[in-house]
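Protein chains: 2
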Amino acid sequence: MTKNKVVRLARRPHGAVKREDFAISVEEMLEPGDGEFRVKTEYVSLDPAMRGWMNEGKSYIPPVAIGEVMRAITVGTVEASRHPNYAEGDIVVGLLGTQEYAISNGAGITKADITLAPMPSWLGGLGMPGLTAYFGLIKISQPREGETVVVSAASGAVGQIVGQIAHLKGCRAVGIAGGPEKCRFITQELGFDAAVDYKAGNLYGDLKAACPNGIDVNFESVGGDIMDTVLAQMNPFGRIALCGLISSYNATELPPGPKNMRAILAMRLRMQGFIVFDFIKDYPEALTALSNWYRDGKLQFREDVRTGGLDAFPDMLGLLYTGGNFGKLVLKI
Amino acid sequence: MTKNKVVRLARRPHGAVKREDFAISVEEMLEPGDGEFRVKTEYVSLDPAMRGWMNEGKSYIPPVAIGEVMRAITVGTVEASRHPNYAEGDIVVGLLGTQEYAISNGAGITKADITLAPMPSWLGGLGMPGLTAYFGLIKISQPREGETVVVSAASGAVGQIVGQIAHLKGCRAVGIAGGPEKCRFITQELGFDAAVDYKAGNLYGDLKAACPNGIDVNFESVGGDIMDTVLAQMNPFGRIALCGLISSYNATELPPGPKNMRAILAMRLRMQGFIVFDFIKDYPEALTALSNWYRDGKLQFREDVRTGGLDAFPDMLGLLYTGGNFGKLVLKI
Numbered sequence: 001m002t003k004n005k006v007v008r009l010a011r012r013p014h015g016a017v018k019r020e021d022f023a024i025s026v027e028e029m030l031e032p033g034d035g036e037f038r039v040k041t042e043y044v045s046l047d048p049a050m051r052g053w054m055n056e057g058k059s060y061i062p063p064v065a066i067g068e069v070m071r072a073i074t075v076g077t078v079e080a081s082r083h084p085n086y087a088e089g090d091i092v093v094g095l096l097g098t099q100e101y102a103i104s105n106g107a108g109i110t111k112a113d114i115t116l117a118p119m120p121s122w123l124g125g126l127g128m129p130g131l132t133a134y135f136g137l138i139k140i141s142q143p144r145e146g147e148t149v150v151v152s153a154a155s156g157a158v159g160q161i162v163g164q165i166a167h168l169k170g171c172r173a174v175g176i177a178g179g180p181e182k183c184r185f186i187t188q189e190l191g192f193d194a195a196v197d198y199k200a201g202n203l204y205g206d207l208k209a210a211c212p213n214g215i216d217v218n219f220e221s222v223g224g225d226i227m228d229t230v231l232a233q234m235n236p237f238g239r240i241a242l243c244g245l246i247s248s249y250n251a252t253e254l255p256p257g258p259k260n261m262r263a264i265l266a267m268r269l270r271m272q273g274f275i276v277f278d279f280i281k282d283y284p285e286a287l288t289a290l291s292n293w294y295r296d297g298k299l300q301f302r303e304d305v306r307t308g309g310l311d312a313f314p315d316m317l318g319l320l321y322t323g324g325n326f327g328k329l330v331l332k333i
Numbered sequence: 001m002t003k004n005k006v007v008r009l010a011r012r013p014h015g016a017v018k019r020e021d022f023a024i025s026v027e028e029m030l031e032p033g034d035g036e037f038r039v040k041t042e043y044v045s046l047d048p049a050m051r052g053w054m055n056e057g058k059s060y061i062p063p064v065a066i067g068e069v070m071r072a073i074t075v076g077t078v079e080a081s082r083h084p085n086y087a088e089g090d091i092v093v094g095l096l097g098t099q100e101y102a103i104s105n106g107a108g109i110t111k112a113d114i115t116l117a118p119m120p121s122w123l124g125g126l127g128m129p130g131l132t133a134y135f136g137l138i139k140i141s142q143p144r145e146g147e148t149v150v151v152s153a154a155s156g157a158v159g160q161i162v163g164q165i166a167h168l169k170g171c172r173a174v175g176i177a178g179g180p181e182k183c184r185f186i187t188q189e190l191g192f193d194a195a196v197d198y199k200a201g202n203l204y205g206d207l208k209a210a211c212p213n214g215i216d217v218n219f220e221s222v223g224g225d226i227m228d229t230v231l232a233q234m235n236p237f238g239r240i241a242l243c244g245l246i247s248s249y250n251a252t253e254l255p256p257g258p259k260n261m262r263a264i265l266a267m268r269l270r271m272q273g274f275i276v277f278d279f280i281k282d283y284p285e286a287l288t289a290l291s292n293w294y295r296d297g298k299l300q301f302r303e304d305v306r307t308g309g310l311d312a313f314p315d316m317l318g319l320l321y322t323g324g325n326f327g328k329l330v331l332k333i
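From first to last, the protein sequence lines are chains A and B.
If you count the first sequence from 1, position 140 lands on 140 in our numbering, and the numbers rise without skipping.
If you count the second sequence from 1, position 213 lands on 213 in our numbering, and the numbers rise without skipping.
So here's chain A without its partners, still in its complex pose (with noise of 0.2 Å):
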């Protein structure tokens, strides 16, 4: 009888996260109970966030207990149902775990359509990535057309979004990435308006040639010298919308916040942390247009689709926090 792999937190990881920071099992297959269905498990998304919610501590959510399955959006085929709205050979996406196979009873789980999109597309533009980038681009920086957005892990599963979005609203879309590869993608295959190769050494510069007008709008998901240098090119009014830290998520000490804080000062600058789960009410709005502009053409997706299994889970995890991965970064099952 088939059984159910599953990796569970072990520990709290200090600094960056260790392959013994989990527990990797083989369980007892679940079975659905009324009312509930069970889900084999296709791709595993590794996002950013996950380093987050392995920690003690107040946020937005609460943290992976010890023990328990680690959190992980995923997307499978539902094989057993119990429930009237699920059937076998349906595609769903939800908050289901690194976990071979997860019961579900319908909660916080969309159907994926991959007649569409295939797949992990469904973990990236189309899914959490996808919407996070709708929004904090749309609603929380509000860019106008003609401004200048720059975007850091340009490449990543959100900023490739950002920046093509930024770029079918009219603005200059400009991203940050890391080498020649990632920088030639975001502008030869997605349309960015230009590239600035954070590890070519002249950051300050390079982002000052490719923004002549300045920055209007900075969609930032790294923090550190990337965003300090950034706010320093900041025009008046200008706003940041604050997606992730990635560059201090394994530090053992919080780490000092941007020098150019007076910029947010000077230049009248509005700062706003956001989280897509807050935006739950207007996801069908946000993939409606993710829909259609990836139908259209005028949006591409890139995945860094991994196997190994879960057994690689720990490992490619730690990609995302190197820049390792080049795109959404997702494990295959």
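Each hint should be verified, as a subset may be incorrect.
When chains are identical, the list treats them as one kind, so a pair holds in a single copy or across two.
To be verified - Computed cross-link-like contacts, DMTMM-like style, restricted to lysine to aspartate or glutamate with a CA-CA straight-line distance of at most 25 Å:
id : residue 1 : residue 2
1  : LYS58     : ASP206
2  : LYS18     : GLU56
3  : LYS18     : ASP278
4  : LYS281    : ASP90
5  : LYS40     : GLU253
6  : LYS139    : ASP90
7  : LYS298    : ASP225
8  : LYS259    : ASP225
9  : LYS259    : GLU56
10 : LYS208    : GLU253
11 : LYS259    : GLU79
12 : LYS139    : ASP278
13 : LYS208    : GLU56
Derived by calculation from the structure, the hints in this document are not laboratory data.
Please build the complex by placing chain B on the supplied structure of chain A, with the hints as guidance.
Here is chain B on its own, set in the frame of chain A:
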């Protein structure tokens, strides 16, 4: 014949302001031309922003040039007029500079009604600091009844008004100030709901005790460790009106920003810088509100009036950056 004593910027300060950064000279009396009037300066306003005006570099207003009369808001008496709207004896307020006499064509000048409040109040609660408090609190941080509002530099020119307005709006007004005397003043005299003495050595714990329901709004004028401590106690969807960063104005190198940046993300905070001049079209609304509250005894102003004339200006200015003033600092001429 009467001469005009003038304080000019002699050089750009390095760190704290020194007497040698200014040149004090006795110059020829100024005579108004057609459409102009001469103002005899009665009080000079000493404002934290002055330190920024002395620096080179991009900001919300051009720096004071070397050799130029030091920029300052003053209140004074019209004593010679060739302008149809200003008569001898009128009391006027404006950016007339650190000098005993100034010439104006009326641009940016407002008349002060000294039957309502004495002259120093028109540089304080009914002047730029009062307007700053009003717009930063009402327009930028938008407090709702029952929320907790924390204001730093709480006995200062702006902070004292912020806390009183917050209290009037049904918020819990908590002030951070230096020393027991200032703390007693804001609670006993001004009606703040609580005070926290940042010099007492237990800012985090004392702030926590003063804000049992967390912090919804931070009206921030200080920055540094004080702001960092407040950030760590902000509630979800809190707002930070960034009015000043006085703790770093004399820094010779940019100090690091707050370590608790992650709170902006996790708590979805909105931090917004603002400058009172951006609200010029709404000055009448604010001034009406402030005047009415003052007339009705709902709002008090504390000024710290210093003597010594313009010769004392350089030393008096320094008081602002060490907490040496107690209330709105003005210099009597």
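Checked hints:
{"no.": "1", "hint": "LYS58 with ASP206", "in the structure": "between (38 Å within a copy, 20 Å between copies)"}
{"no.": "2", "hint": "LYS18 with GLU56", "in the structure": "within (17 Å within a copy, 48 Å between copies)"}
{"no.": "3", "hint": "LYS18 with ASP278", "in the structure": "neither (31 Å within a copy, 51 Å between copies)"}
{"no.": "4", "hint": "LYS281 with ASP90", "in the structure": "within (23 Å within a copy, 58 Å between copies)"}
{"no.": "5", "hint": "LYS40 with GLU253", "in the structure": "neither (39 Å within a copy, 56 Å between copies)"}
{"no.": "6", "hint": "LYS139 with ASP90", "in the structure": "neither (32 Å within a copy, 49 Å between copies)"}
{"no.": "7", "hint": "LYS298 with ASP225", "in the structure": "neither (32 Å within a copy, 47 Å between copies)"}
{"no.": "8", "hint": "LYS259 with ASP225", "in the structure": "both (9 Å within a copy, 14 Å between copies)"}
{"no.": "9", "hint": "LYS259 with GLU56", "in the structure": "between (28 Å within a copy, 17 Å between copies)"}
{"no.": "10", "hint": "LYS208 with GLU253", "in the structure": "between (31 Å within a copy, 22 Å between copies)"}
{"no.": "11", "hint": "LYS259 with GLU79", "in the structure": "neither (53 Å within a copy, 47 Å between copies)"}
{"no.": "12", "hint": "LYS139 with ASP278", "in the structure": "both (11 Å within a copy, 23 Å between copies)"}
{"no.": "13", "hint": "LYS208 with GLU56", "in the structure": "between (39 Å within a copy, 20 Å between copies)"}
Hints 3, 5, 6, 7 and 11, counting from the list given before, are not met by this structure.
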